[in-house]
Amino acid sequence: MCGLVGFVTKRNSAGLAEVLDCMTDAISHRGPDDKGIFIECADGANLTVGLGHRRLSIIDLSSHSHQPIEQDDAAMVFNGEIYNYIELREELKRAGHIFESSGDTEVALASYKEWGVDCFRHFNGMWAIAILDKKNGELILSRDRFGKKPLYYYKDDDAIIFASEIKSIFLYPGVLKKPNFEKIYRYLSTIYRYVDIDNASFFENIFSVPKSSYMRVSHMFETIVEPFWTLGEGMVDLKGNELSIVDDFRDLFIDSVKLRLRSDVPVGCMLSGGMDSTSIACVAYKILKTPILTFSGITGDERGVYDESEYIDEVVKEISAEHKYVKPEPSDLFDSIDEMLFFHDEPICTVTWYSLYRIAEKIKEQGLKVVLNGHGGDEMLGGYWDHYHYNFFDLETSGNADVLDYEQKMWLKNHNRKISEICQTREYINKLQNDEVLEISKFTDYSDCFTLDFAERYKMTIKLYSGFASTLSKRLHKELMYEGVPAIVKPEDRNTMAHSIESRSPMLDYRLAEFCFSLPNSFKIRDGIGKWTLREAMRDILPEKVRTRKDKAGFIAPADVWFRTTNRDDIQKLIDSDFIKEAQIFDMSRLNEIFKEHLTGIKNHQMFLWQFINFALWYKMFFADNR
Numbered sequence: 001m002c003g004l005v006g007f008v009t010k011r012n013s014a015g016l017a018e019v020l021d022c023m024t025d026a027i028s029h030r031g032p033d034d035k036g037i038f039i040e041c042a043d044g045a046n047l048t049v050g051l052g053h054r055r056l057s058i059i060d061l062s063s064h065s066h067q068p069i070e071q072d073d074a075a076m077v078f079n080g081e082i083y084n085y086i087e088l089r090e091e092l093k094r095a096g097h098i099f100e101s102s103g104d105t106e107v108a109l110a111s112y113k114e115w116g117v118d119c120f121r122h123f124n125g126m127w128a129i130a131i132l133d134k135k136n137g138e139l140i141l142s143r144d145r146f147g148k149k150p151l152y153y154y155k156d157d158d159a160i161i162f163a164s165e166i167k168s169i170f171l172y173p174g175v176l177k178k179p180n181f182e183k184i185y186r187y188l189s190t191i192y193r194y195v196d197i198d199n200a201s202f203f204e205n206i207f208s209v210p211k212s213s214y215m216r217v218s219h220m221f222e223t224i225v226e227p228f229w230t231l232g233e234g235m236v237d238l239k240g241n242e243l244s245i246v247d248d249f250r251d252l253f254i255d256s257v258k259l260r261l262r263s264d265v266p267v268g269c270m271l272s273g274g275m276d277s278t279s280i281a282c283v284a285y286k287i288l289k290t291p292i293l294t295f296s297g298i299t300g301d302e303r304g305v306y307d308e309s310e311y312i313d314e315v316v317k318e319i320s321a322e323h324k325y326v327k328p329e330p331s332d333l334f335d336s337i338d339e340m341l342f343f344h345d346e347p348i349c350t351v352t353w354y355s356l357y358r359i360a361e362k363i364k365e366q367g368l369k370v371v372l373n374g375h376g377g378d379e380m381l382g383g384y385w386d387h388y389h390y391n392f393f394d395l396e397t398s399g400n401a402d403v404l405d406y407e408q409k410m411w412l413k414n415h416n417r418k419i420s421e422i423c424q425t426r427e428y429i430n431k432l433q434n435d436e437v438l439e440i441s442k443f444t445d446y447s448d449c450f451t452l453d454f455a456e457r458y459k460m461t462i463k464l465y466s467g468f469a470s471t472l473s474k475r476l477h478k479e480l481m482y483e484g485v486p487a488i489v490k491p492e493d494r495n496t497m498a499h500s501i502e503s504r505s506p507m508l509d510y511r512l513a514e515f516c517f518s519l520p521n522s523f524k525i526r527d528g529i530g531k532w533t534l535r536e537a538m539r540d541i542l543p544e545k546v547r548t549r550k551d552k553a554g555f556i557a558p559a560d561v562w563f564r565t566t567n568r569d570d571i572q573k574l575i576d577s578d579f580i581k582e583a584q585i586f587d588m589s590r591l592n593e594i595f596k597e598h599l600t601g602i603k604n605h606q607m608f609l610w611q612f613i614n615f616a617l618w619y620k621m622f623f624a625d626n627r
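First residue of the sequence shown? That's 1 in the numbering used here, and the numbers climb one at a time after it.
Since the hints were derived computationally from the structure, they do not count as laboratory data. Please read these numbers as outputs of a predicted model, since none were measured by experiment. One should not assume that every hint holds.
Stated by the list, open to error - Label pairs and their in silico Cβ distance ranges:
1) Cys423 x Phe342: 44 to 52 Å
2) Lys552 x Arg457: 38 to 46 Å
3) Glu182 x Val265: 36 to 44 Å
4) Asp332 x Lys552: 27 to 35 Å
5) Glu100 x Arg457: 30 to 38 Å
Think of the CB as a built atom: it goes at the ideal place given N, C-alpha and C, for glycine as much as any other residue.
Produce the entire structure from the sequences given, and follow the hints as far as they go.
Listed below in structure tokens is the structure:
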């Protein structure tokens, strides 16, 4: 796990070594253990090429895995982990490749030399890679299948500049900071999960290399983007009865955790008390056969609505873990957001990430460099409340009336919900299928908080497509590839790397994703409970109290209360700031009205208020303070 920067430019090389050095140092938090720089003039092309790297040593702690790495007519910088590097190295050895190191860096470059851009199909891991291919006269940029590792770029007629974090790109001469108002509008007017459905950043002309893809950059700075993986093309031929399918899932899940335990430094686990993180922690304990460090957040919610400590304590006891609880404090919120925005470079999606930032601090205090998390399970196996309704729709339209009646009754019984919700959501999904509404319509629309001029200029339609047959699979696919997971993995990376920690996601193994999306609905939702296959696979591995729990909580800080009490004066001060008024983005009357509604309890606007706070502090940091 590391950080990378680089450029290919027509600019005269004078002074560019110093620029590259500064760009590399700007992300030293991503790799405090080592630093490397490569710069040269490309033969016959009048180009200067620079590659910079900061290393967080996880696998092969020796200097043999130093970067940038050069071999023959190729050079590479690499951020992330190729978890199946041992298997790939053996395959490459049989093809004649020789290795000096025991890590995955050499394997990544040798894979490219052996298979070209097809190498990315061989990788099981998370990565951002820049490869200078001198033989073919091109630069290759690539990101992993789920976009866990960031890679931004800026391009004009004279250069392409790229980096793990946007702040490094701005250190290259001539790159200007301009706000991307379309992105800002989407962030503030809708809900966080629709912010990262494209590759644009919050800055104009700064983009992400698309996930699941590689980008070819010619010596004329022409770019071609090609996907190397599409989820729908990797369907699994399920064989045998239910028991054997569950066994196959269990074997795959255990192997996914096992691969992500490969490390030359200790590994810990984040533990929420839910099915996903608990399954990972329990399997990790069985593989390692030794107690591990686990970390959980206590929301500080005096009402106890989201308190999962009873489940967490059960797991900690089961695996004899050394456990650390972290409680975020609202009094630290504003100072923390300013600190976080330095590492994130962009507004942050939910208040949950403030809490997880504090957990990352605690992990660093314990001296850990690697931690496992449970991201992705809900989006692959049907873990959220509305997933049941998509299943109901599929059962109804396929004519399974008896099963539909049973599942609805069990859902009502298990989750203490109202029957009216079934009719309301059924009507919504039917309209969705007939293109009468958009998915975004189920969330509160805050477009009226903008000036009319701003709203008319930047308002856009958001419509997502999925090629899967069932409506449940369509819904899950959109959440996995466009909505929920992209909005999770980005802040997860920034929060942990801010503290020089590598965060690994066993659920986001592409083999698991392909397996889960090959399963029929009944293997995801059954007896009115989600994640049926995972629950069955974890028999005799999880504490029964966790394995059979029917509720879904999630780690949500009680921001609605915080914003009415501890943080209210700071929020009002931001609303009243001169730079907010001068930006001419907001209808100030409506903005104050929204805050008043929240303070009086008429409505809960905590999500919008969090996004306003983040936007305001981000805008002040990058634009208002620099005028």
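Going through the hints against the structure:
The given range of 44 to 52 Å is respected by Cys423 and Phe342, whose C-beta atoms sit roughly 48 Å from each other. Lys552 and Arg457 have their C-beta atoms about 39 Å apart, which keeps the hinted 38 to 46 Å range intact. At about 42 Å, the beta-carbon gap between Glu182 and Val265 stays in the expected band of 36 to 44 Å. The supplied range of 27 to 35 Å is met by Asp332 and Lys552, whose beta-carbon atoms lie about 28 Å from each other.
For the pair Glu100 and Arg457, the beta carbons lie near 56 Å from each other, so the given range of 30 to 38 Å is not met.
Comparing the model with each earlier hint shows a violation of hint 5 alone; every other hint is respected.
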